[in-house]
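**Q** Letter by letter, the chains look like this.
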Amino acid sequence: MSSRYAVLPCNGLDKSVGCIAREIALGLVDRSESDLICPVLFRVSDARYSKMAAEKPLLVIDGCSTRCASKLAAEKGLKVAKKITVTEEVKNRNVKVGKSLKLGDSELELAGSVVEELLKEEKKEESAAGHEFSTITYDYEIYKKDKFIFRVPRTGFYFNENDCWVVVEGNRARVGVADYVQQSLSDIMFFTPPAIGAEIEQFGELGSIESGKAVFEVISPVSGVVTAVNENLISAPELINENPYEKGWIAELELTDFESDKEFLLDFEGYFKVLKRKVDEFHV
Amino acid sequence: MSKKVKVIPCSGMGKVHGLVAREAALKVVSELCPADAETVCLAYIVTGDDEAKEKIEGAPCLTLDGCPKMCAAKNVELAGGIVKKGYRVVDIFKGHRGVKPGNATALTEEGWLLVDELADKVKENVLELGKEG
Numbered sequence: 001m002s003s004r005y006a007v008l009p010c011n012g013l014d015k016s017v018g019c020i021a022r023e024i025a026l027g028l029v030d031r032s033e034s035d036l037i038c039p040v041l042f043r044v045s046d047a048r049y050s051k052m053a054a055e056k057p058l059l060v061i062d063g064c065s066t067r068c069a070s071k072l073a074a075e076k077g078l079k080v081a082k083k084i085t086v087t088e089e090v091k092n093r094n095v096k097v098g099k100s101l102k103l104g105d106s107e108l109e110l111a112g113s114v115v116e117e118l119l120k121e122e123k124k125e126e127s128a129a130g131h132e133f134s135t136i137t138y139d140y141e142i143y144k145k146d147k148f149i150f151r152v153p154r155t156g157f158y159f160n161e162n163d164c165w166v167v168v169e170g171n172r173a174r175v176g177v178a179d180y181v182q183q184s185l186s187d188i189m190f191f192t193p194p195a196i197g198a199e200i201e202q203f204g205e206l207g208s209i210e211s212g213k214a215v216f217e218v219i220s221p222v223s224g225v226v227t228a229v230n231e232n233l234i235s236a237p238e239l240i241n242e243n244p245y246e247k248g249w250i251a252e253l254e255l256t257d258f259e260s261d262k263e264f265l266l267d268f269e270g271y272f273k274v275l276k277r278k279v280d281e282f283h284v
Numbered sequence: 001m002s003k004k005v006k007v008i009p010c011s012g013m014g015k016v017h018g019l020v021a022r023e024a025a026l027k028v029v030s031e032l033c034p035a036d037a038e039t040v041c042l043a044y045i046v047t048g049d050d051e052a053k054e055k056i057e058g059a060p061c062l063t064l065d066g067c068p069k070m071c072a073a074k075n076v077e078l079a080g081g082i083v084k085k086g087y088r089v090v091d092i093f094k095g096h097r098g099v100k101p102g103n104a105t106a107l108t109e110e111g112w113l114l115v116d117e118l119a120d121k122v123k124e125n126v127l128e129l130g131k132e133g
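Protein sequence lines, in the order shown, are assigned to chains S and L. Quick note: the first sequence uses the working numbering, first residue 1, plus one each step. Quick note: the second sequence uses the working numbering, first residue 1, plus one each step.
Simulated from the structure, these hints should not be mistaken for laboratory data. Careful: at least some of the hints might be erroneous.
To be verified - Some chain S residues flagged as far from chain L (calculated, every beta-carbon gap over 12 angstroms):
#1 V40
#2 T87
#3 G98
#4 K99
#5 L101
#6 K102
#7 L119
#8 K144
#9 K147
#10 R154
#11 T155
#12 S186
#13 M189
#14 L239
#15 E269
#16 V274
Said to hold, decoys possible - Only pairs whose alpha carbons sit at most 30 angstroms apart, straight line, appear in this in silico DSSO-like list of lysine-lysine:
#17 K76(S) x K15(S)
#18 K15(L) x K247(S)
#19 K145(S) x K121(L)
#20 K144(S) x K121(L)
#21 K121(L) x K213(S)
#22 K100(L) x K145(S)
As the list claims (entries may be wrong) - Just a sample of chain S residues kept apart from chain L, beta carbon distances all over 12 angstroms, derived:
#23 E75
#24 K79
#25 V90
#26 G112
#27 K120
#28 I142
#29 E169
#30 P237
#31 E246
#32 S260
#33 K262
The structure displayed is predicted, hence computed values, not measured ones. Just so you know, even glycine gets a beta-carbon here, dropped at the ideal spot from N, CA and C.
Working from the sequences, and respecting the hints, build out all of it.
**A** Quick look at the structure:
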């Protein structure tokens with residue numbers, strides 16, 4: 001869970017939508033490491049909350065269109081990262097809310113679903129960024145054939161014979177394709193990512209990439225659950241052509257049984273031989 | 001200095017994408033808007049040819065690159081041209097998944113359609129830039 005927001009809700013004691021705003025704020029703070037700013041205390045005590053709001057992105061939750069919380073943020077000169085207005089949520093979701101300040105089931109359900117969405121957004125952002133693989137070093141051995149250069153990282157990477165690689169750190173793995181794939185495909189124009197949360201068997205399909213020449217199914221070197229995909233590739237699949245081992249990585253997985261998977265994988269020496277043979281025999 | 005918009009394609013030697021860029025640029029300057037646009041040889045620009053450099057320095061340029069390496073856009077900018085828009089042929093291809101445009105030496109009928117599409121986009125831009133003066 002990340003420490004995503006400093007949450008500033010309206011006080012929420014004038015209308016039921018205000019109470020829902022409070023409920024959303026409390027739910028979010030309860031289920032993430034977000035911090036809560038009390039709108040009343042904030043008016044009289046700048047120092048404590050201004051620091052909090054400066055450290056984390058500010059999420060402002062207003063109940064009604066009076067937007068007390070937004071106005072307070074503006075008065076304090078705070079930069080708002082995200083804004084929610086409950087009356088708009090009610091309208092967009094086509095739900096009915098009562099007038100009572102004591103929340104009923106439908107109001108609580110609405111608050112719950114807004115919280116869920118905020119948490120999902122958080123997860124999605126984390127997924128796009130991927131995990132920091134601090135142990136990867138990029139030291140390449142090169143094999144040349146005509147105008148083509150094929151790089152293979154010397155350490156830390158394992159490969160399958162389908163020209164896909166994996167690096168592992170603890171229980172996490174990052175997967176991508178080898179230089180041979182991007183050279184063979186030429187300009188990659190489409191990336192179809194695997195679904196986050198999908199369970200993938202070793203040698204199962206982990207999305208695909210496509211150029212004008214062919215579609216290549218990414219064959220996972222490991223089994224596990226997809227935790228992140230490189231979303232930068234959706235708008236810029238050419239990153240795979242630039243460097244498939246670094247910015248062109250495909251997906252990350254939480255491993256299920258790497259020790260067993262490893263038996264079917266090649267280390268640098270093993271893969272480099274396979275690569276040279278493929279290049280000499282097939283590459284034109 | 002000529003007020004014509006400079007339409008500069010990449011060298012386009014290696015792949016069909018580059019050929020589409022070259023053909024589209026030629027279509028714009030020779031057929032679609034010869035009065036408003038002209039091309040400058042990228043090789044001259046890269047080698048620092050004075051005449052070519054003078055032509056593009058401070059001038060509005062539209063670059064057409066085959067691949068995402070963007071050789072034309074980068075070199076025109078380096079030489080002092082103002083790249084108003086850098087077109088990428090791969091982006092045109094993305095709208096036509098599975099298209100068979102030909103190869104680096106000859107275009108198919110489908111390839112020529114892509115040339116037409118790109119040339120039309122560039123033409124619109126040339127005319128807009130012409131209005132801006």
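**Q** For each hint given before, does the structure comply? Return the numbers of the non-compliant ones in rising order.
**A** 9, 12, 13, 14, 19, 20 and 30
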